[in-house]
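J.: Based on the sequences and whatever the hints tell you, model everything.
Heads up: the protein sequence lines correspond to chains A and B, in order.
Take 19 as the starting number for the first sequence in the working numbering and just add one per residue.
Take 9 as the starting number for the second sequence in the working numbering and just add one per residue.
Read the hints as simulated data drawn from the structure, not as lab findings.
Since the model is a prediction, treat every value here as computed from it, not as a measurement.
C-beta: ideal position from N, C-alpha, C; glycine also.
Heads up, a few of these hints could be off.
What the hints assert, rightly or not - With a straight-line cut-off of 25 Å between C-alpha atoms, the simulated SDA-like cross-links for lysine to any residue are:
hint	chain 1	residue 1	chain 2	residue 2
1	B	Lys-43	B	Asp-128
2	A	Lys-175	B	Leu-65
3	A	Lys-175	B	Glu-93
4	A	Lys-182	B	Lys-33
5	B	Lys-43	B	Arg-123
6	B	Lys-62	A	Tyr-276
7	B	Lys-43	A	Gly-151
8	B	Lys-33	A	Tyr-274
9	A	Lys-175	B	Gly-115
10	A	Lys-328	B	Ile-114
11	B	Lys-64	A	Tyr-276
12	B	Lys-43	A	Arg-281
13	B	Lys-31	A	Tyr-274
14	A	Lys-182	B	Arg-123
15	B	Lys-62	B	Ser-110
16	B	Lys-64	A	Gly-151
17	A	Lys-175	B	Ala-117
18	A	Lys-255	A	Ser-409
19	A	Lys-182	A	Ser-218
20	A	Lys-292	A	Arg-279
21	B	Lys-64	A	Lys-292
22	B	Lys-64	A	Lys-255
23	B	Lys-43	A	Arg-152
24	A	Lys-182	B	Ser-110
25	B	Lys-108	A	Ile-178
26	A	Lys-175	B	Met-111
27	B	Lys-62	A	Gly-268
28	B	Lys-108	A	Ser-218
29	B	Lys-31	B	Gly-77
30	B	Lys-108	A	Leu-183
To be verified - Stretches of chain A that chain B covers, calculated by requiring three or more beta carbons in the stretch to come under 8 Å of a beta carbon on chain B:
hint	stretch
31	156-166
32	269-275
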Amino acid sequence: MRKVAVLGLGHTRFCFNSPKTQVEMLAEAATEAINDSNLQAKDIQSAHIGNCLGTLCEGQATVSQFALDDIGCPNIPAIRYEAACASGTVAVRDAVMWIASGYYDIVLVGGVEKATAMGTALATRAFCMGTDGRYEFGAGLTFPGYFALMTILYSQKYGIPLEKLKTQMAMVSVQSHEYGMKNPFGQIQQLISVDDVLKSPFVCTPLQLHDCCPFSDGAAAAVLCSEETARKISDKKPVYITGMGMATSGKMSSQYRYLPRIRARELAVEQAYKMAGIRPRDVDVCELHDCFSIASFISSENLGLFEPGKAPEAWERGEARVGGKIPINTSGGLKSKGHPIGATGVSQLCHITRQLRGECTDQGVQVDGAKIGLIDTLGGDGTICNLVLSSL
Amino acid sequence: MEYKLPFKEYNTALRKNKLMGLKCKTCGAVTCPPKMACQECASLDTEVVQLSGKGKLVSFTTHYIAPLGRENELPYTVALVELDEGPWLLGNIVDFNPQKMSMELIGRAVSISGRVFPGDTFTAGPITRPVFNLE
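T.: And the structure:
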């Protein structure tokens, strides 16, 4: 298989109440990515776009084809990928295969969402569609509810008193906001304290408002191409997608053998590490799926970055900070940068690419000498998609 | 191949406070809620059985936000229970003040009954949800 490179990047600001439609947001990010690649729309051979709730938030299906038509790239295959919050990452994984196989040479990946147009009640309902509608939505399970249940399980499994764990979780949100402040694309640019987190309103006990990422609008895009083409047309530092993994699982209760571990993530990341020929300790920088504060602990442990039950201490000691053992979510993560779900995986791709190119210095979050980056995205009850990027 | 215990039949039984599941004839494991195959060994050789309807509480959360149309249920408690037969089941606790749920309740024995959620615009009709009664 051919090696696949990341070329140009495009990213709208993530926000509440975007004045733009999904088609417009995606078209803007896509055009920016194509311009940033020194290419033209006509050079794009296919488009792979994450979009989950387009139908519910605007009554708009097939956002990808309208956006591609708008940017002067009509008639090419434009495919919408739906894997709840992992939609964008799954789109990237598929796009890589189209290039690696030799079928296409230059493709666009992207993602877009406009969740805040739904308002909180409908958005909460829409996100519930990622739980099992037959056997678990009846009880009123929501996604903060899912991770609230995980928090209790985590506290029990690793013998960390809930009060202590909650303070450690608050530190995750505090760190994310500190980095999100510096992200020009970030949605919530505001410093918060542990006290702010612990005094915020309860959403689903024991999770409070500042344990949760926001609903978001926004888009991200990138152009991918073969190694050969990248060498020919790009003067940017080459960044390659060297590892990919994906796994799924069923409803929450049927994961009972493993919870609070997410087995699908352990399997997916193992595939990604194997394909890239690396081990967890080789990862220099990571963007992981911090939809809720506790999710950062669970994810980083499932990814093998910290020992099971030890992630809370790691955050406490600053090991997840720039300069720490493994800098995590230096973009501000879903919590502060925002989480327009279809766009999230592509946004993670953009940030890790910039880290590996050494372009995060102005932002004040550059991980010195970063060469290998890891992306982790979770969709619904259990789609996990992981990507390894490398500048080596 | 058809499901031995489709959603509709499981749902109807739970409405009558009967918890049904599948017992695997290959490995002996119980699958509940039901699937096509045994959730432990993927065998299709299973039989429909009525479960004891007993278990113990393993996790819970009280919701202060609700999906559209369910605001009148707030605050409500969602819980995970480990059934005596092994699998976990997700449902509600309704006979305990949701604002007084505490970690001391973890491990408490529960008995299971059913209560109907009438459904909303997006569901294909009503859904019976398990209700966990603290013993």
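J.: Against each hint, give a clear statement of whether it holds in the structure.
T.: Quick rundown of the hints versus the structure:
About 24 Å separates the Cα atoms of Lys-43 of chain B and Asp-128 of chain B, which keeps this hinted pair within 25 Å; it holds. Distance check on the hinted pair: Lys-175 of chain A and Leu-65 of chain B sit about 14 Å apart at the alpha-carbon level, within 25 Å; holds. For a cut-off of 25 Å, the pair hint linking Lys-175 of chain A to Glu-93 of chain B stands: about 21 Å separates their Cα positions. Taking the CA atoms of Lys-182 of chain A and Lys-33 of chain B, the gap is near 45 Å; set against the 25 Å cutoff, the hint is violated.
With a CA separation close to 21 Å, the supplied pair Lys-43 of chain B and Arg-123 of chain B stays within the 25 Å bound. Distance check on the hinted pair: Lys-62 of chain B and Tyr-276 of chain A sit about 22 Å apart at the alpha-carbon level, within 25 Å; holds. With a CA separation close to 14 Å, the supplied pair Lys-43 of chain B and Gly-151 of chain A stays within the 25 Å bound. The hinted pair formed by Lys-33 of chain B and Tyr-274 of chain A meets the criterion: a straight-line CA distance of about 21 Å does not exceed 25 Å.
A C-alpha spacing of about 13 Å is found between Lys-175 of chain A and Gly-115 of chain B, which places the hinted pair at or below 25 Å, so the restraint holds. The straight-line distance between the Cα atoms of Lys-328 of chain A and Ile-114 of chain B is roughly 23 Å, inside the 25 Å bound, and the hint therefore holds. The suggested pairing of Lys-64 of chain B with Tyr-276 of chain A holds, with an alpha-carbon distance near 17 Å, which does not exceed 25 Å. Restraint check for Lys-43 of chain B and Arg-281 of chain A: the C-alpha separation of about 19 Å stays at or below 25 Å, so the hint holds.
A C-alpha spacing of about 17 Å is found between Lys-31 of chain B and Tyr-274 of chain A, which places the hinted pair at or below 25 Å, so the restraint holds. Simply put, Lys-182 of chain A and Arg-123 of chain B have alpha-carbon atoms about 36 Å apart, too far for the 25 Å limit, and the pair is violated. In summary, the hint linking Lys-62 of chain B to Ser-110 of chain B is supported, as the alpha carbons are separated by about 21 Å, within the 25 Å threshold. For the proposed pair Lys-64 of chain B and Gly-151 of chain A, the alpha carbon gap of about 24 Å is at most 25 Å, so the pair holds.
For the proposed pair Lys-175 of chain A and Ala-117 of chain B, the alpha carbon gap of about 19 Å is at most 25 Å, so the pair holds. As the CA atoms of Lys-255 of chain A and Ser-409 of chain A are separated by approximately 8 Å, the hinted pair is consistent with the 25 Å bound. Restraint check: the Cα-Cα separation between Lys-182 of chain A and Ser-218 of chain A comes to about 17 Å, which is no more than 25 Å; the hinted pair holds. Restraint check for Lys-292 of chain A and Arg-279 of chain A: the C-alpha separation of about 20 Å stays at or below 25 Å, so the hint holds.
At most 25 Å may separate the alpha-carbon atoms for a hinted pair to count; Lys-64 of chain B and Lys-292 of chain A exceed this at roughly 40 Å. A threshold of 25 Å between alpha carbons decides the hint, and for Lys-64 of chain B with Lys-255 of chain A the separation of about 56 Å lies outside it, so the pair is violated. A distance of roughly 11 Å separates the Cα atoms of Lys-43 of chain B and Arg-152 of chain A; the hinted pair therefore holds under the 25 Å criterion. Annotation: proposed proximity of Lys-182 of chain A to Ser-110 of chain B holds, straight-line Cα distance about 15 Å (limit 25 Å).
For a cut-off of 25 Å, the pair hint linking Lys-108 of chain B to Ile-178 of chain A stands: about 21 Å separates their Cα positions. This hinted pair checks out: Lys-175 of chain A and Met-111 of chain B have alpha carbons roughly 13 Å apart, not beyond 25 Å. Between the alpha carbons of Lys-62 of chain B and Gly-268 of chain A the distance comes to roughly 23 Å, so the proposed pair stays at or under 25 Å and holds. As the CA atoms of Lys-108 of chain B and Ser-218 of chain A are separated by approximately 19 Å, the hinted pair is consistent with the 25 Å bound.
Restraint check for Lys-31 of chain B and Gly-77 of chain B: the C-alpha separation of about 37 Å exceeds 25 Å, so the hint is violated. Under the criterion of a C-alpha separation no larger than 25 Å, the hint pairing Lys-108 of chain B with Leu-183 of chain A is consistent with the structure, at around 20 Å. Requiring three or more residues with a Cβ within less than 8 Å of a Cβ of chain B, the coverage given for the stretch 156-166 of chain A holds, as 8 such residues are present. Counting residues of the stretch 269-275 of chain A whose C-beta sits closer than 8 Å to any C-beta of chain B gives 5, which meets the bar of three, so the coverage hint holds.
When each numbered hint is compared with the structure, violations occur for hints 4, 14, 21, 22 and 29.
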